[in-house]
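Spelled out from the first residue to the last, the chains are:
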Amino acid sequence: MAQHATGNDAEHWDINITSSRRGLDINLAELWRYKDLLAMFVKKDIITVYKQTILGPIWFLIQPLFTTLIYVVIFGRMAKLSTDGVHPVLFYMGSVTLWNYFSETLNVTSKTFSENAAVFGKVYFPRLILPLSKVASGVLKLMIQLGLFLVVWLYFILVEQSITPNWHVVFFPALLLVFAAMGLGFGIIITSLTTKYRDLSFLVVFGIQLLMYATPVIYPLSLASPDKQIWLWLNPLTSLFEAFKFAFLGHGAFSFFWLGYSTVFTAVLLFFGVIIFNKVEKKFIDTV
Amino acid sequence: MSKEVVIHAENISKQYRLGQVGTGTLSHDLKRWWALARGREDPYMKVGMDNDRTQKATSEYAWALRDVNFEIYKGDTLGIIGKNGAGKSTLLKLLSRVTSPTTGQIKVKGRIASLLEVGTGFHPELTGRENIFMNGAIMGMTKKEIKGKFDEIVDFAGVELYIDTPVKRYSSGMYVRLAFGVAAHLEPEILIVDEVLAVGDAEFQKKCLGKMGDVASHGRTIIFVSHNMQAVQSLCKSTMYMKAGKVIDVGPTDKVINNYLSREVKNCLEQRWTLDVDAPGNDKIRVLSAELIPQTPDNSNIIDVNTPFEFRFEFYNGVDNANINLSLVLNTMSGVCIFNVGTPAAALSKGIHSSTLKVPGKLLNDDVYTISLYFVKDTAAMQYVIHDLLTFEVVDEQRQGAWFGKWVGAVRPTLDFSLK
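Protein chains in written order, with my numbering: chain A, 496 to 783; chain B, 891 to 1310.
To be clear, the hints were calculated from the coordinates, so they are not data collected in a lab.
Glycine included, C-beta positions come from ideal geometry on N, C-alpha and C.
Hints are not guaranteed to be accurate.
Taking lysine-lysine pairs in the DSBU-like style, the calculated list, with each CA pair at most 30 Å apart, reads [said to hold, decoys possible]: (1) B:K999 <-> A:K778; (2) A:K546 <-> B:K1058; (3) B:K964 <-> A:K538; (4) B:K1136 <-> A:K777; (5) B:K1136 <-> B:K973; (6) A:K546 <-> B:K1034; (7) A:K530 <-> B:K1058; (8) B:K964 <-> B:K1097; (9) A:K606 <-> B:K1033; (10) B:K1034 <-> A:K539; (11) A:K530 <-> B:K1033; (12) A:K777 <-> B:K921; (13) B:K1058 <-> A:K606; (14) B:K1058 <-> A:K538; (15) A:K777 <-> B:K1033.
Sample of chain B residues lacking proximity to chain A, with all beta carbon distances greater than 10 Å (derived) [as the list claims (entries may be wrong)]: (16) L1099; (17) S1190; (18) S1217; (19) A1270; (20) D1278; (21) L1279; (22) R1289.
Kindly generate the complete structure, drawing on both the sequences and the hints.
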């Protein structure tokens, strides 16, 4: 008959399935073991988008191209918003590309639990793999779109000679990392909060749109009067967009102080995001 | 050497909320949160009803599992049986870490792979090849492991020609074969299987069972949930019988299955009445007793397809010197008439008489049956009819071979069928 295991508590158990999990208990080793799954998810995201299309991955370029054209017409020609002297095509293409990455990352990761309930309900793998894969496949799409931006950018540097980029472009990978982490942080918090009560998810699309207007995406920071700029700086996205524009377009403001603020903000956001995600992932399937 | 425990479950319970999530649940959540914030107990942990799906809800909470304890040893093949709602699937979900228990804990040694469904994560747009890698990765295999098994999987599924075609163009059979192929080539220490064998044709079922048998013989642990007693019997050394969220019995498969059948099969094998008190009938005929006696070596009440049995009836004849014959109709519970047999007519005196019908083994198929008895006078006038006099289930035998699908046919006779 079964002898009780109370006497041998020192025994090693690989998995302990209980009702509660304390704090920041993420199993990094396990996450690493599932890296191939992450790669598969990324591959799936990329190739399923353009299966059975003729233009294939070119579709990734058409979207920012058209958005740029629309912005040039609406915000540039009709609303006559300033672009700080930068050619509107270049100005909008840069910010649109970057904004799309952030908003898509946030939007997609904020649906992690609700959209993958079918898979999550049948098999276990570290749930964090899924939002991470969305971040990664987003980076791949961004790279394609960034390629287009760089072509336009080089044209303006070499042919038009209208902009002067500077050495701050070396910070771009770091900027991208903060963008990704912030999108992920917001996304996993939202998905965790909406498994049981979905009210918040109605606000997401609307909120992202609102956030764009609260960030110097389609207008330069200099459009605001100097005493009002502080309010824009408090938005952690502002310093990132400004730094990007400063490095590539030679306009905008590069502030290490506010970049530090954004980084700390993102780190805290991600920290709490992971804690709440971890807590929710254990039982969400009962209520989603 | 003492056997090593690989799964140890302590007092696990799982509570589900009935009804919809809405403002009502919010108020419960707030009360729960308030109680926990003050260091009190969760006020909803004590309430809740047993998970009897046929009953009307008396509480907003139901316990799908309640204080379940068990241990599974390394290399064991454990079957889990029980009616719908017994908590089998909930238990599998907990073991697969899809959700977590409300209370208690399960400790596990080694890697678990669960097959709650075949083809989890299959994407219709991806090709067979891509889906093998996708599905394998979801099940926890690394790319290297999948590459090593790739040819075997394709071979097992028999889809070599279509390997670079999107699976949305696959026939459902090919799809299932490919999906099971990936799962069957996982090499976890513990494999959890939920009735995936219900799919596919006989040949494929044979393949699947064979593969699972292989896995078990390599010292890995298998947990297998099924409604199919035969599959459980052939695959599992020990079995756990669950009912309404509780474990009723654990032990050697044969013993547990017998226990399950004798408790769950709703047989009505005996009816007795007293004349002039409650005996059904009329002035001409009163039925006094009806009985089904299985001719089993161990006197158990379980009738399988090989068991011969006997019906015995006693009745009171109220009309002197009546020319009576009895006619018996055997129907399945779903209303299909299997046969109608009659006794020769006999001139009966007023008083108590009895009648016997012997039914040989190897005649009836596995099903639930009910009988109706007709009392006929002069082979024409109906004296009395009683329906649903007895109800009994004939269960399947322990089959040889590897096919466990439902045996078709109204009857299941053994005939002289030879092959040279």
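Q: Check each numbered hint from earlier against the structure, then list the numbers of those it violates in ascending order.
A: As far as the earlier hints go, only 3 is violated by this structure.
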